[in-house]
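Asker: The residues making up each chain are set out below.
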Amino acid sequence: MSYSKLTRDEIARRIAQDIPEGSYVNLGIGMPTLVGNHLPKDREIFLHSENGILGMGPAPAPGEEDADLINAGKEPVTLLTGGAYFHHTDSFAMMRGGHLDIAVLGAFQVSVSGDLANWHSGGAAIPAVGGAMDLAVGAKSVWVMMEHRAKSGESKIVDRCTYPLTGIGVVKRIYTDLAVIDVTPRGLAASRMVPGLSFDELQRLTGVPLHAAGAKAAA
Amino acid sequence: MVDKISPSIEAALADVRDGATILVGGFGGAGVPEELVDALIEQGAKDLTVVNNNAGNGEVGIAALFKAGRIRKLVCSYPRQVDSHHFQEAYRAGKVELEIVPQGTLSERMRAAGAGIGAFFTPTGFGTDLAKGKEARVIDGKGQVLEYPLHGDVALVKAERGDRWGNLVYHKSARNYGPTMASAAKITIAQVYEIVELGQLDPESIVTPGIFVTRVVKVPRKGGAYRAPAGGSVTRGISGRAAA
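If you're matching them up, the sequences are chains A and B in order.
In case it helps, the numbering used here puts the first sequence at residues 1 to 219.
In case it helps, the numbering used here puts the second sequence at residues 1 to 244.
It should be emphasised that the hints constitute simulated quantities derived from the structure, not laboratory data.
Each hint should be verified, as a subset may be incorrect.
[As the list claims (entries may be wrong)] Lysine-lysine pairs mimicking DSS-like chemistry, simulated, CA-CA at most 27 Å apart:
no., chain 1, residue 1, chain 2, residue 2
1, B, Lys73, B, Lys134
2, A, Lys172, A, Lys5
3, B, Lys46, B, Lys67
4, A, Lys140, B, Lys132
5, A, Lys41, B, Lys172
6, A, Lys41, A, Lys5
7, B, Lys46, B, Lys218
8, B, Lys67, B, Lys218
9, B, Lys73, B, Lys132
10, B, Lys67, A, Lys140
11, B, Lys132, B, Lys95
12, A, Lys172, B, Lys132
13, A, Lys151, A, Lys41
14, B, Lys95, B, Lys46
15, A, Lys151, A, Lys172
16, A, Lys140, A, Lys172
17, B, Lys134, A, Lys140
18, B, Lys142, A, Lys172
Just so you know, these numbers come straight off a predicted model, no measurement behind them.
Kindly produce the complete structure, drawing on both the sequences and the hints.
Answerer: So, in structure tokens, the structure goes:
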């Protein structure tokens with residue numbers, strides 16, 4: 001049976017739909033930023049940016065950019081009515097102090113126990129961590145958004161991360177282009193496989209044991 | 001009469017010494033005190049340790065300090081940007097030491113310095129390469145890493161408005177590290193676009209009270225237009241996949 005992988009926007013839409021009203025959310029740079037484009041219009045959701053913004057709004061119209069109003073990826077953004085600015089130390093208190101409900105982060109690898117590797121590919125690359133480690137330990141729920149397999153075909157869900165770790169046992173849920181995987185004390189629970197993808201096939205494409213999550217329906 | 005307003009940017013920077021640790025505000029391009037950093041190149045201090053979130057962008061500010069060979073060590077959270085080529089060249093050539101610090105730890109270490117805290121434990125980085133060699137404990141069931149304060153000899157910050165007592169307010173997300181760095185250095189120099197009379201800043205809204213500020217210097221306002229980073233798109237992790 002054939003199946004199609006979700007596009008990045010489709011994964012982003014899936015994540016956006018799962019964010020409850022009233023949540024304080026940080027979207028990591030790169031792929032997770034796309035989630036902001038798909039937030040349901042009828043929900044009030046507070047986007048946090050590590051550089052001191054709560055209530056971050058969408059990109060400004062061309063010509064309306066302000067060099068002093070940027071997101072964590074250094075792209076121009078806006079502030080929603082009711083939003084706030086604050087300094088860096090307060091911003092990271094929000095993160096580390098457990099005040100954020102959800103952080104959506106990209107990843108190189110996630111382990112069966114929820115270890116996250118997303119800051120450094122090792123080797124000769126210049127290391128750069130930014131706020132990744134603070135988000136990993138601080139947010140109440142860390143959700144990872146990533147392709148299920150690397151370009152080489154290897155599963156990015158692994159027994160033990162081989163890339164340098166960002167945080168230990170921090171990931172609660174993984175949204176991939178094939179399924180949603182919850183990290184539970186009983187192991188990895190798979191749900192919402194893309195249409196046409198069987199559990200057995202998903203298991204074959206994943207480097208570690210999965211089990212089918214309860215009675216969750218396919219999305 | 002107390003008057004912290006410096007007559008010129010040169011006068012404001014006159015006592016920066018070789019070997020100094022300089023805390024430089026800014027995140028990406030927002031909040032970087034570019035005029036102060038440019039003037040520091042003219043001033044000539046060398047063998048500097050610079051603390052900044054990033055590693056300079058394009059040809060101005062910290063990037064220009066790297067190009068001029070004045071920086072011995074960079075303490076930073078995210079040096080990997082497409083237009084940080086002057087840092088990258090110096091780093092690859094072994095001319096600059098790099099200390100990578102998780103962003104919240106970087107900020108908190110300066111807060112601790114400004115607040116007289118001797119050290120602190122943080123869960124950030126526990127069990128990772130960035131905690132290697134550091135004391136760690138399990139507190140409240142959570143692994144935590146011991147981190148020490150990060151003091152500056154000089155802080156260079158960019159604010160929007162200031163008065164002669166050194167009170168400051170900022171502009172949007174350009175605030176970022178400014179208030180924390182202002183508290184963490186022996187000498188804090190703030191560049192502002194506007195100097196106002198005492199009382200014109202709302203006391204309920206002053207962000208950095210003047211006790212943390214040594215000098216205020218006015219610089220001309222440039223066009224406020226957003227400048228995309230030179231050399232291509234915005235910052236990305238490796239292959240655009242990493243969060244940071």
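Asker: Going back to the hint list, which numbers does this structure go against?
Answerer: 10 and 13
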